[in-house]
Amino acid sequence: MTTITRILFFACVSLLTGNVIKAQDQDLLKLVDSSKGTEPAWAAAAFKSTRVINGQSMELLGKGVLDVRILHRFGLINDGAKELFGLDQASMRIGLDYGITSNLTVGAGRSTLNKELDGFVKWRPIRQSVNGGSPVSVIWVSGVTVHTMPWADTTRKNKFSSRVAYYHEVIIGRKFSNAFSLQLSPIFVHRNLVTNADDENNTWALGIGGRLKLSKRTAFVVDYHPILSGREPGTKDPLSVGFDIETGGHVFQLHFSNSTGMNEKAFLTGTYDDFWKGDIRFGFNLSRVFQVGKKH
Amino acid sequence: MIKKITVVLTGTILFLGCVNDKEEILYGNSCDGPTPSFAAVVNPIIETNCAIPDCHAPGSSNGPGALTSYAQIKNVAGEIKSAVVSRFMPKDRTLTESQIKAIRCWVDAGAPNN
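Taken in sequence, the protein lines are chains A and B.
The letter at position 3 of the first sequence is residue 3 when you use my numbering, and the numbering goes up by one with no holes.
So the number in my numbering is just where the residue sits in the second sequence, counting from 1, plus 1000.
Simulated from the structure, these hints should not be mistaken for lab results.
It cannot be assumed that every hint is accurate.
[Unchecked claim] Which residues of chain B face chain A? A few of them, derived with a C-beta cut under 7 Å, are: (1) V1019; (2) Y1027; (3) D1032; (4) Q1099.
[Stated by the list, open to error] Computed list of lysine-lysine pairs in DSS-like fashion (alpha-carbon distance at most 27 Å, straight line): (5) A:K115 to B:K1101; (6) B:K1074 to B:K1022; (7) B:K1004 to B:K1022; (8) A:K157 to B:K1101; (9) A:K63 to A:K294; (10) A:K216 to A:K295; (11) A:K236 to A:K277; (12) B:K1101 to B:K1091; (13) B:K1022 to B:K1101; (14) B:K1091 to B:K1074; (15) A:K236 to A:K115; (16) A:K159 to B:K1101; (17) A:K159 to B:K1022; (18) A:K82 to A:K277; (19) A:K63 to A:K213; (20) A:K236 to B:K1091; (21) A:K236 to A:K63; (22) A:K63 to A:K216; (23) A:K115 to B:K1091; (24) B:K1074 to A:K236; (25) B:K1004 to A:K295; (26) B:K1004 to A:K63; (27) A:K157 to A:K115; (28) B:K1004 to A:K294; (29) B:K1101 to A:K236; (30) B:K1091 to A:K277; (31) A:K236 to B:K1004; (32) A:K159 to A:K115; (33) B:K1022 to A:K157; (34) B:K1091 to B:K1022; (35) B:K1074 to A:K277; (36) B:K1022 to A:K115; (37) B:K1091 to A:K82; (38) A:K159 to B:K1091.
All figures in this text were calculated on a predicted structure; none of them were measured in a lab.
Ideal placement from N, C-alpha and C gives every residue a C-beta, glycine not left out.
Let's have the full structure, built from the sequences with the hints guiding it.
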């Protein structure tokens, strides 16, 4: 474990522990409050969707809500008119997320890139409250990805574990006002198989996600994941900017990004384009929610 | 029932044993023997598969740009290696194992103009 990994690990633990202690403190206060008949008022809709753009947001689905998600990432805009500014090439992910409780969401999907399956569990132990509770929400996300590409070399003894990668993430986010939300999310990705002897199986990154509301139905969002250690050689930090547009039960997220991957492992270890050199792709996330289970 | 499935799924994700395999060590893809020649081996692979129209031909601004001279290729050798080894590149084409190994070993040897 490198020094930076250690520092990050302890920073995360301290931050998380600090919040838990604070939350416990506040939970006690909440009990006192509740004895007076005051119900906690949760901060709601910090983000329009359960994803900032690529990364998970501090939002979860309501109980019994099914979210059908269709994501597209196109080719490079600077490929020019002959490629219709990248629209001739498309990579997609289709997925389903489900809210088991208001604090527990599970999801699964499949991406065309590397024919990759992914699944995750997202749990919110601490929820931001606007009447004296926790000032932040804390969310834990754990996920697994499995690529299903044919083996590149069938003559050697291939292992199933080589297809698998894991990620774990803590999201600490706050809705500062109706117009502005910000979250930080240290994230750890483990790939069971890497290519070179000097490549690292573990990658650490810090997710930074922000939302600025522009009107009742639109918001500007930024999703940035600087890689802190264990960078896959040649890869760049994924950066996406875009707009959320809410239309009834749909949320459209239209964005510009340098990454093609649509799960955490894919975009943190497979973003080869440089945003600052203009290697940018257009993409969209389409989310449609259905109340399929009981609300309470 | 759904909660039980979630608990099992979470446990699986959290506690499944991770392995730290490296392809190069696992399968012995070491670069024994002489360094592949840039002129005779590496450049022809790049000319045929990369420096082609709409990809990395002269004037290209895709990714690292044109890959038509030793200087251009040497300049982004690491990037080429990782894109090729991960099979991210070339798009719509497939390199053979020996071609990938040639590029990898040439880059690992310092991308010489040999």
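Now the hints, each set against the structure:
1. V1019: Result: holds, 5 Å to nearest chain A Cβ.
2. Y1027: holds, 5 Å
3. D1032: violated, 14 Å
4. Q1099: violated, 12 Å
5. A:K115 to B:K1101: holds, 24 Å
6. B:K1074 to B:K1022: The hint holds at about 25 Å.
7. B:K1004 to B:K1022: violated, 35 Å
8. A:K157 to B:K1101: holds, 18 Å
9. A:K63 to A:K294: holds, 7 Å
10. A:K216 to A:K295: Judged against 27 Å, a Cα distance of about 25 Å means the pair holds.
11. A:K236 to A:K277: holds, 11 Å
12. B:K1101 to B:K1091: Holds, at roughly 18 Å.
13. B:K1022 to B:K1101: holds, 15 Å
14. B:K1091 to B:K1074: Distance of about 21 Å is within 27 Å: holds.
15. A:K236 to A:K115: It holds: about 22 Å lies between the C-alpha atoms, which stays within 27 Å.
16. A:K159 to B:K1101: Cα-Cα ~20 Å, so holds.
17. A:K159 to B:K1022: Holds, at roughly 12 Å.
18. A:K82 to A:K277: holds, 20 Å
19. A:K63 to A:K213: Holds: K63 of chain A and K213 of chain A sit about 26 Å apart, inside 27 Å.
20. A:K236 to B:K1091: holds, 19 Å
21. A:K236 to A:K63: Given that 27 Å is the threshold and the Cα spacing comes to 37 Å, the pair is violated.
22. A:K63 to A:K216: holds, 25 Å
23. A:K115 to B:K1091: Roughly 15 Å between the alpha carbons, so the hint for K115 of chain A and K1091 of chain B holds.
24. B:K1074 to A:K236: holds, 19 Å
25. B:K1004 to A:K295: Answer holds: K1004 of chain B to K295 of chain A is near 19 Å, not above 27 Å.
26. B:K1004 to A:K63: holds, 16 Å
27. A:K157 to A:K115: Since the Cα atoms of K157 of chain A and K115 of chain A sit roughly 21 Å apart, the hinted pair holds (cutoff 27 Å).
28. B:K1004 to A:K294: holds, 18 Å
29. B:K1101 to A:K236: Holds. K1101 of chain B to K236 of chain A sits at ~24 Å (cutoff 27 Å).
30. B:K1091 to A:K277: holds, 20 Å
31. A:K236 to B:K1004: violated, 39 Å
32. A:K159 to A:K115: Within the cut-off at roughly 17 Å; holds.
33. B:K1022 to A:K157: holds, 14 Å
34. B:K1091 to B:K1022: holds, 24 Å
35. B:K1074 to A:K277: holds, 19 Å
36. B:K1022 to A:K115: Holds. K1022 of chain B to K115 of chain A sits at ~21 Å (cutoff 27 Å).
37. B:K1091 to A:K82: Measuring from Cα to Cα gives roughly 17 Å; hence the hint holds.
38. A:K159 to B:K1091: Satisfied, since the Cα-Cα distance of roughly 26 Å is no more than 27 Å.
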